[in-house]
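J.: Put chain B on the given structure of chain A with help from the hints.
2 protein chains.
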Amino acid sequence: MQFELTKEFLDEIRLAIDVNDFATVDERILDLHEADIADILDELNNAQAKVVYYRLSEELQADVLMELEEEVRERFIKSLTPTQIAEQLENLDSDDAVDILGELSQREQVEVIAEMEDDDAAELVDLLNYDEDTAGGLMQTEYIQARENWPVNRAVIELRRQAEEVDKVYTIYVVDAMDRLVGFLSLKSLLFASPKTAIGDICIRKNVISVPTGMDSEEVAKVMEKYNLVSVPVVSLQKKLVGRITIDDVVDVIKEEADKDFQMASGISEKVESNASVWRTSRARLPWLLIGLLGGILGAQVIGSFETTIGAVPALAFFIPLIAAMGGNVGVQSSAIVVQSIANGTSQFGSILSKVGKEALVGLLNGFICSVLIFLITFVLEDVTLGLTVSISLFTVIMFAAMFGTLVPLVLDKYKIDPALATGPFITTVNDVLGLFIYFMIGIMLYGI
Amino acid sequence: MQFELTKEFLDEIRLAIDVNDFATVDERILDLHEADIADILDELNNAQAKVVYYRLSEELQADVLMELEEEVRERFIKSLTPTQIAEQLENLDSDDAVDILGELSQREQVEVIAEMEDDDAAELVDLLNYDEDTAGGLMQTEYIQARENWPVNRAVIELRRQAEEVDKVYTIYVVDAMDRLVGFLSLKSLLFASPKTAIGDICIRKNVISVPTGMDSEEVAKVMEKYNLVSVPVVSLQKKLVGRITIDDVVDVIKEEADKDFQMASGISEKVESNASVWRTSRARLPWLLIGLLGGILGAQVIGSFETTIGAVPALAFFIPLIAAMGGNVGVQSSAIVVQSIANGTSQFGSILSKVGKEALVGLLNGFICSVLIFLITFVLEDVTLGLTVSISLFTVIMFAAMFGTLVPLVLDKYKIDPALATGPFITTVNDVLGLFIYFMIGIMLYGI
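Sequence order for the protein chains is A and B. 106 is the number that the working numbering gives to position 106 of the first sequence; each next residue is one higher, with no gaps. 136 is the number that the working numbering gives to position 136 of the second sequence; each next residue is one higher, with no gaps.
In isolation and in its complexed conformation, chain A is listed as follows (with noise of 0.2 Å):
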């Protein structure tokens, strides 16, 4: 049904393009889906990608060119001369176009610039004016609009030409005079209503969604998926419909924002793709690296501190990194819930108090559990003492990590900072050091040091 990539497959394509047997490439690969000839691309070197791409027709060339790999395509975008890049941009749509020419250097983009048609390239460098992770940033020029006061044959022959640049249509926005957004129309309405009906009698008004140019990208997202839209309008300050933004570009960052806040549980604090360069990734991670570091040396201190006690009751060492590592795990965990919790949008009204309840009760529960279990086993290897310092810590430990680790990111989103920032080997470092402290003095009580 699908076509399936194999090894076999790829080495015909590459014998052929070394033999210049062209009907072979163009038999294999022309009829194939845009995204699976990217794939085919991605997996060529430079010289045979570009044979293949250039025998594929103008149109499919920029479809492939927007499904290929990033890294393949800047790769294949710096091999092209100016013009050659202001023909690809021509006919890509806006949002894609502004994305490449984004990529290049200010220089670049000025002569690539020169090489293009005046309209196109006036719009591109309006677009290129937004942010990138706005809804301006996002969105695409090419859509379809009504005005409210044709009638519906002449809209569908005004139609019928905007549709020929417009790849997708999945609604026809409605405008007043001043192209403000007023409404919109389903092509399904347009399609089945009679000939003379204003397109403002059919159109719909109530409950009309859009975004303004300047919301951030994330919220976009919210937006589409509480209101289940496929496109969602975006408007000027002026209310003027200015572009719109379709579903894909969309799950594209509904995908990276929870590959981002993964990431940042797992310590690594920039966007790293796994093909980037061995020292942009461990740039990426050295940063949480430090700060574990850092808790490691404050660890140090702690147990230094307590060195008398350790020579007294050597097997309290044992149980250093048992108590260190349970205090990071519940917190870890503490924190994820939290941080996904507020990612989604789940927790409107639900009030501070009651999570951090909660998460008490959790606590409390698994703490009782694993407390009775590390004193059962201290207790055979050991004896009691150890065992209740053990296990008394433990739970203590427990508890506190449970508490922390939910108010944190609570706290850090109340002042706008990512609440993912908590997550991970911050709220791991800094209950590492507390649980130490706190497995000490629970020594040092008990055993009347």
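Hints should not be assumed to be uniformly reliable.
Identical copies go unnamed one by one, so any copy, or any two together, can satisfy a pair.
What the hints assert, rightly or not - Here are the computed lysine to any residue pairs in the SDA-like style, where the Cα-Cα straight-line distance is at most 25 Å:
#1 Lys-414 / Leu-10
#2 Lys-168 / Asp-252
#3 Lys-7 / Glu-225
#4 Lys-226 / Ile-100
#5 Lys-260 / Ile-40
#6 Lys-414 / Leu-191
#7 Lys-222 / Glu-71
#8 Lys-222 / Ser-210
#9 Lys-239 / Met-178
#10 Lys-168 / Pro-195
#11 Lys-416 / Gly-448
#12 Lys-206 / Leu-294
#13 Lys-239 / Asp-31
These are calculated hints, taken from the structure and not from any lab test.
T.: Chain B in isolation, oriented as in the chain A frame:
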């Protein structure tokens, strides 16, 4: 532009319900978007929510029902009689109706189905057979189809009739005389074609992407993402068209999948909502805590076996948490990147060897930086031998953790086990224990104990 739910608004609605002021309720609520009405109902108690719900039109009731939070919807459905539930289900799309039916007990399902019209009931009974996590479980039976031999004008009449049942029309599926999917037709091309053309002549037969009923829902999400689809047709084993899946259902799958990976990395073993009960939440977190506990006990055994070493050089004990924590941190970082690249399918032909090689380089670089830093600090705080012991062990542990964190998820994936299992507590725990062992062995060598 969009409705914003405030405490004042809720108070006003609650008061209006309490004094039976339905005019105010209607005025405030009836014109809102279904998603906003659902947000309001989520905040009301069951009795109040019911009052508002039954003031909505039947169609709006169905839309609002699907936008409620799962917990609120379940509570609400439980408070209805089988006849009332049957009425609600008949207004829903089949995929939503079957989701709600699936949440009921077998006995309740039978009672509700007995109250429904025969056709609707038969359809739902069919859909109930599909596993929830497959294409069959996600699909709805509301879609629009045209026969390839119909002329456009007949198709418009037929489709108008079908369209009454279907909420959002993205694509018209074209089938042959045996109901087998042969192509698709955009509303755009239908709108702009001449009346006598046969559907078969204007439909697109190239790259018709469809999914089989048995395909895993994550796979469906990947197909829709890859090919940028807003809806995908579902076909039976006989290639007959049986349903369609729309992007909004798949966005949920993508989000759930990302959430699940994040939760696994944070040591939460089953999917839990932030509003799940204390007991369920505890149970979801306990397995990883017990693994952590086991790791701690193994760690205690390792340290215990080096008791004489610690007796000779007590300062060695100070850096136990540092070594354990850093191994864990690095392992989690490496595994997170690998798990994400597997999940996103970015590593089709990337060989395992090149990934491991890259992680080794990153480990080398970060290990080197961290080791130099820790050597300088321990050298200042303590002495050269301790400095060398800690820094050499740290370097070894980081290198090892980077390798281990990369290999384990790759190996798990090779054996079709969810690689996300490898992230979080498992990697941390193993690296903790091994890190300690490496640390003390190096200590013994350098101190010549």
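J.: Evaluate Lys-206 and Leu-294 at a C-alpha cut-off of 25 Å and name the case that applies: within, between, both or neither.
T.: neither (57 Å within a copy, 59 Å between copies)
J.: Within a copy, between copies, both or neither: where do Lys-239 and Asp-31 come within 25 Å Cα-Cα?
T.: between (43 Å within a copy, 21 Å between copies)
J.: Tell me, please, which holds for Lys-239 and Met-178 at an alpha-carbon limit of 25 Å: within, between, both or neither?
T.: Intra 9 Å, inter 50 Å, cutoff 25 Å: intra-copy only.
J.: With identical chains treated as interchangeable, where does the CA-CA distance between Lys-226 and Ile-100 reach 25 Å or less: within a copy, between copies, both, or neither?
T.: between (30 Å within a copy, 19 Å between copies)
J.: Tell me, please, which holds for Lys-168 and Pro-195 at an alpha-carbon limit of 25 Å: within, between, both or neither?
T.: Both, since 24 Å and 22 Å are each at most 25 Å.
J.: Measure nothing new, just compare the shortest in-copy and cross-copy C-alpha distances for Lys-416 and Gly-448 to 25 Å and report within, between, both or neither.
T.: Result: close neither inside a copy nor across copies, 46 Å intra and 54 Å inter.
J.: Indicate which option fits the pair Lys-222, Glu-71 if close means a Cα-Cα distance not exceeding 25 Å: within, between, both or neither.
T.: between (28 Å within a copy, 20 Å between copies)
J.: Could you place Lys-414 and Leu-10 in one of the four classes (within, between, both, neither) given a Cα distance threshold of 25 Å?
T.: between (53 Å within a copy, 22 Å between copies)
J.: At most 25 Å between alpha carbons: which applies to Lys-260 and Ile-40, within, between, both or neither?
T.: Result: close neither inside a copy nor across copies, 28 Å intra and 31 Å inter.
J.: Evaluate Lys-222 and Ser-210 at a C-alpha cut-off of 25 Å and name the case that applies: within, between, both or neither.
T.: Answer is within: at 12 Å inside a copy they meet the 25 Å cutoff, but 28 Å across does not.
J.: First find the shortest C-alpha distance between Lys-7 and Glu-225 inside one copy, then the shortest across copies, and answer within, between, both or neither for a cut-off of 25 Å.
T.: Only across copies: Lys-7 and Glu-225 sit 23 Å apart there, 39 Å inside one copy, limit 25 Å.
J.: Have a look at Lys-414 and Leu-191 and pick one of within, between, both or neither, based on CA distance no larger than 25 Å.
T.: Neither: 49 Å inside a copy, 50 Å across copies.
The structure fails to meet hints 5, 6, 11 and 12 from the earlier list, while all remaining hints are met.
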